[in-house]
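These are the residues of each chain, in order.
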Amino acid sequence: MTIGVGTRGRAAHPLASNLGLSGPWSRVLSLVALVVLWKIGSGYANPLVLPAPEIVAADWWKILWSGDLGRNVGVTLYRAAISFFIAMALGSAIGLVLGRMPRMNHFFDGWVLLGLNMPALVVGILCYIWFGLTDLALILAVVLNKVPLVAITVREGAQAVQPELLQVGQAFRLSRIKMLRRVLLPQMYPYFMASARSGLALIWKIVLVFELLGRSDGVGFQLAVNFQLFYVHRVLAYALSFIGVVMLIEAVIIRPMERRATRWRL
Amino acid sequence: MNVLEVDVEEKRFPSPARGGGTHTAIAKLQFAVPKGEFTCILGPSGSGKTTLLQLISGLDEHFDGVIRVAGVAPRDAPPMGYMFQSPRLMPWMTVLDNVMLFASAEAKARGAPRAILERMELGSFLDTYPNRLSGGMQRRVALARAFVNNPPLLLLDEPFISLDIPVALRLRELLLNQWADHASTILFVTHDLREAIHLGDRILFMSSSPGRIVLDHKIKLPRPRTAEGAEVDEYRQHLLEQHPALLDGIREMEAQAAVGTDARTTATR
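From first to last, the protein sequence lines stand for chains F and W.
Under our numbering, the letters of the first sequence match residues 1 to 266, in that order.
Under our numbering, the letters of the second sequence match residues 1 to 269, in that order.
The set of hints was computed from the structure by calculation and includes no laboratory data.
Even for Gly, the Cβ is constructed at its ideal location relative to N, Cα and C.
Honestly, I wouldn't trust all of these hints.
Unchecked claim - In silico contact screen, one side only, chain F against chain W (beta carbon under 10 Å); selected entries:
hint, residue
1, Q162
2, V168
3, R173
4, F227
5, A261
For reference, chain F alone in the conformation it holds in the complex (with noise of 0.2 Å):
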């Protein structure tokens, strides 16, 4: 028998109910029980190579405290942030064109299909290589990363668009920026919103890879030197740091403007 820890509202399992399984609190319980069982296997393990929970907060109230999480974060987001801005504008204008026009789509489809399937490390091997270890080539080599998937993503998008509510546009005059404003970009916004989702997911994780690679701060770097010296604690510590930014990104800004775009349906 399931207890339905995921299920929502009144349908939930009477037992989950009663246990506190559903509802609100059921993400918060769900958390606890993990850091519970994290706790359990640290028991059983080397603390060098699975730290106890209490042993990585010390280390993260530590550099906390120091100003080396705040700072190595706060470069890591500064890429991750001016690469996706970057990524989504290019790959959306780019996926705009594609799909609104049959002939720069059969021309440019093999160049999104080579950027889709070359190696997110051959295209940062590449970047340094040939603009040297700097911020430019870290995030140039993100933005190259990224562009094609979210080219692909609303160039479905523009594809999905009704001719039908076009037409009405086309029939009353409507001014080419009102077009693509009030008419067109709306339809294809579950695809930006697409792709805005999993490129927050995606970018992030590219950018501690090329730190690693080739930069000299921020949070890759700081995972690589302390793999070096084997302070899996304090890998712990950045690891669960940023993705608690993420997650706050994502509850924060992507979930309400997704409910704010959706509000139409249903």
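Given chain F, put chain W in place with the hints provided.
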């Protein structure tokens, strides 16, 4: 003065069914509509009625011939009102925004969007999204959208198709009120002769493809008319007796429409 002058020599479409050949949708079609007239166009499905409206509205400019709206080519004419077979509202916009988007600055300044929605009895649904409205209410929003700028010419393409009879009759009433109050010029495409007799000043009967006008008839029935009254039926009977050639066409058209309506409803989903 004529608001609309149509003289289409020919309109062809590429026809994949004929292996790269063309299909002639309209041939030698001429008529003019004076200001303030309510003109109905009646024709079987496939007679090029929708194509004709697309030519007049300027949505399609590839044809041989001349069309003048308010004396100029459609693309240079002031924007027309257009009502499609399905409501075609923007689902992500509220009822009010759906009308606002298409309202001219002048129409917004005098509060036209709100006023016309209130006249369409949608005053308490201004902030509602279209997919929470019934089909009839969605058509009323589309009607408000078509009228909001008081356009010189309104094109209505079987706008009340696939609705329950009482709902359709209510919409006809709203349309007639709006037309009477604003002295609009209307071109109304339908395949329902009763509807045309109830609404119009004049009926243009179109032939099946390639579409041309086979009869131009002024309706001599005093207004106000009642849609369900005997007068409309009697007039229809009388008209069909006077023009026996039409009789076959109309019967065929009604049979087609019964099938065609279903096809169209599914197509708009």
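Hints and how they fare:
no. : hint : verdict
1   : Q162 : holds (9 Å)
2   : V168 : holds (5 Å)
3   : R173 : holds (4 Å)
4   : F227 : violated (48 Å)
5   : A261 : holds (8 Å)
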